[in-house]
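Q: Chain by chain, the residues run as shown.
There are 4 protein chains.
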Amino acid sequence: MVKKLLITAFEPFDGEKINPSLEAARFVSRLKFRGARINALELVVERHRAIDAALAEIRRLRPDAMIMLGEAGERFSINPERIAINCDDFRIPDNAGNQPVDEPIVKRGPAAYFSALPIRAIVNRLIESNIPAAISNSAGTYLCNRLFYSVMHCIKDEGLPTKAGFIHLPRLHEQVAGKRGNNPSLSRETIFEAVRLSVEVTLAHLR
Amino acid sequence: MVKKLLITAFEPFDGEKINPSLEAARFVSRLKFRGARINALELVVERHRAIDAALAEIRRLRPDAMIMLGEAGERFSINPERIAINCDDFRIPDNAGNQPVDEPIVKRGPAAYFSALPIRAIVNRLIESNIPAAISNSAGTYLCNRLFYSVMHCIKDEGLPTKAGFIHLPRLHEQVAGKRGNNPSLSRETIFEAVRLSVEVTLAHLR
Amino acid sequence: MVKKLLITAFEPFDGEKINPSLEAARFVSRLKFRGARINALELVVERHRAIDAALAEIRRLRPDAMIMLGEAGERFSINPERIAINCDDFRIPDNAGNQPVDEPIVKRGPAAYFSALPIRAIVNRLIESNIPAAISNSAGTYLCNRLFYSVMHCIKDEGLPTKAGFIHLPRLHEQVAGKRGNNPSLSRETIFEAVRLSVEVTLAHLR
Amino acid sequence: MVKKLLITAFEPFDGEKINPSLEAARFVSRLKFRGARINALELVVERHRAIDAALAEIRRLRPDAMIMLGEAGERFSINPERIAINCDDFRIPDNAGNQPVDEPIVKRGPAAYFSALPIRAIVNRLIESNIPAAISNSAGTYLCNRLFYSVMHCIKDEGLPTKAGFIHLPRLHEQVAGKRGNNPSLSRETIFEAVRLSVEVTLAHLR
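Residue numbers (the working numbering), protein chains in the order written: chain A, 1 to 207; chain B, 208 to 414; chain C, 415 to 621; chain D, 622 to 828.
Bear in mind the hints are in silico, worked out from the structure with no lab data behind them.
A few of these clues could be false.
To be verified - Listed next, the in silico DSSO-like pairs over lysine-lysine satisfying Cα-Cα at most 30 Å (straight line):
hint: 1; chain 1: C; residue 1: Lys-577; chain 2: B; residue 2: Lys-386
hint: 2; chain 1: A; residue 1: Lys-4; chain 2: A; residue 2: Lys-179
hint: 3; chain 1: B; residue 1: Lys-363; chain 2: B; residue 2: Lys-314
hint: 4; chain 1: D; residue 1: Lys-638; chain 2: B; residue 2: Lys-314
Claimed, not checked - Quick look at which bits of chain C chain A covers, simulated, 3 or more residues with Cβ under 8 Å:
hint: 5; segment: 452 to 460
hint: 6; segment: 465 to 478
hint: 7; segment: 485 to 499
Computed from a predicted model, the values in this text were never measured in an experiment.
In this text, a Cβ means the ideal position worked out from N, Cα and C, and glycines have one as well.
My request is simple: use the sequences and hints to build the entire structure.
A: Given below as structure tokens:
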């Protein structure tokens, strides 16, 4: 049976004109994966609207797997996230100006949810392909973590069949080339291949 | 008239199995550049033998331009070096065990030589191509700087016609993928393209 | 009534000869705090013995508050940790050679526990005192996180009255002075004052 | 005979309200050093006026030694500079809005001057005192390097008796506490003691 995979990405934020997650989601959604269908969903960088859109789509599609992608500007490698925590603490405002401090995402929700993606297998596969990758133990407390937590909570709460998780991507070279200071970044080709391999490993683990 | 360009690179050191400078020099020496001939020279990571080999080749070949390449493990971008200084101060031993501290490279030699490569034009060209690049103001005090200084001194001292300079390269992804910690690196494709463009810009400035 | 505060610290590890947490715990345990008694406990860097010793002491003492201290070599500031996660994934072996990978600390335990210390108030108080400080969203997956999680689980599970949490400390200057590379560190005076202020704020919040 | 030591420092720049060099120069100028008299000079962060003021003072005072201090925001340790290079390439404008690119400081001046301070002895003395310190091989291409080069050139050109050099200082804790991101910094006490020891070592080497 054909597997359904939902991939989400964010619009640009924090003054950037592109977002590697969006570029990668668009790229991957045009590829063919044997025995699978990919749906891509672009999210605004707004505290409430992003979550509403993601939850609506997961309820509608009921995908077998869901890979949420996001940009993390200071990361050196592809980072499958291990855990989502029940806390909003935005270090910068979102694109609608929201900046919550130390607030729970879901009142009386559990402190955290672990990723249901095969994060160790993804990291191992990327390293074999000479792509820098490491499990990250914190998705932060900005919108990426909020989305990740909200989705995991929804899946648990509503008994959805989806294996979901979040992968943070470094910036693209074009976002940092020419800027002051030492800014880690990866090439478009490397980020695209990393996301393609992550989809492959995720699909292989569904069987 | 056909221009002669000499490109040098180092063998692996500091426990590494590859050196991005060597990979890039081999790649570029197989390409065709209109109106130019490329000679590549591989150097050992030994304080005296490396310099002897480089000076012998520059005297023999009398190239129009010379691009020295080397690996700099902590760099985030392609770094054309601005200046070579008259100082050996090795933070690690070379492959023959030499580790000089605060010694002049050439007794009574000038304090420093500026690069004769078009370093600003190279950096601008790389950034236009979405490759992270920046002028570096220190080639360190290890063998890379020693080679750079020795070559510039020889050219000046012996009146050779060569426009020479040094470019530091970050590590390749395959050197850091799977290692502990945050290690900057670039893809093989990016480093190769960066060196190819550097050769192109250098040749264009000879005319 | 006199409040009881338990402070724990670790012995040196990873080739170091000192541990800032141990130095700070010894310093603070010699100070007088109005209306409070401080007990200090030194822990070995061993996966099982460290936890056994800490849990035995918390059950025996039943403190009002517990501040666990640990060293985090790459941190730039004093880091009260926000959350402990149910995962052992040691990037280096402990002092007894244990190196678990992706294992739960407590089988079927909750994914995570939030700190019960006033972490925002501690950070604010340190910054007012010109000490670099920030809430950290990950205590890692080494022994520090294991201790933090195990203690929070024990408190919850056994209904103990203790407000507990973990604070990561950067290295001391003397651990990095003269070493290769860029290593963040703080002075002994700064770390001691930071821990003293953290105790003060914690005690103030008990009232 | 009493030795004369001139110490220079800069006013705040780049949006900062204080400059560690100025704080340290003021502190040290109030101390007594056996057999020596300290003069302190505060410089504006302006390309031409800073140099004019420094050269006027060195010609007037003809000090035995001169320690120039400056702030370097990304440094982790006290950095006696090894060399000044003949290049202005300001990454940010100075306080008067000047931002030269790749210009020589002195037309037809030598490429560089080495520090005449006992930089290795200073670094060793600081490390013995548990203060992070390292020789730096680049003072950058901003006003700090411009001052350093201009002073060394003046001393050489005019045959002055002064042993001069430059020491870069990290930011003070109070400049970074509470700011986003990982910002290295040192305590006021550590920076003051580092500069005091640097003066001591410099004076000892004059004898």
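Q: Confirm or reject each hint.
A: Hints, verified against the model:
no.: 1; hint: C:Lys-577 x B:Lys-386; in the structure: violated, 37 Å
no.: 2; hint: A:Lys-4 x A:Lys-179; in the structure: violated, 40 Å
no.: 3; hint: B:Lys-363 x B:Lys-314; in the structure: holds, 15 Å
no.: 4; hint: D:Lys-638 x B:Lys-314; in the structure: violated, 45 Å
no.: 5; hint: 452 to 460; in the structure: violated (count 0)
no.: 6; hint: 465 to 478; in the structure: violated (count 0)
no.: 7; hint: 485 to 499; in the structure: holds (count 3)
Violation of the numbered hints given earlier is confined to hints 1, 2, 4, 5, 6; the remaining hints are satisfied by the structure.
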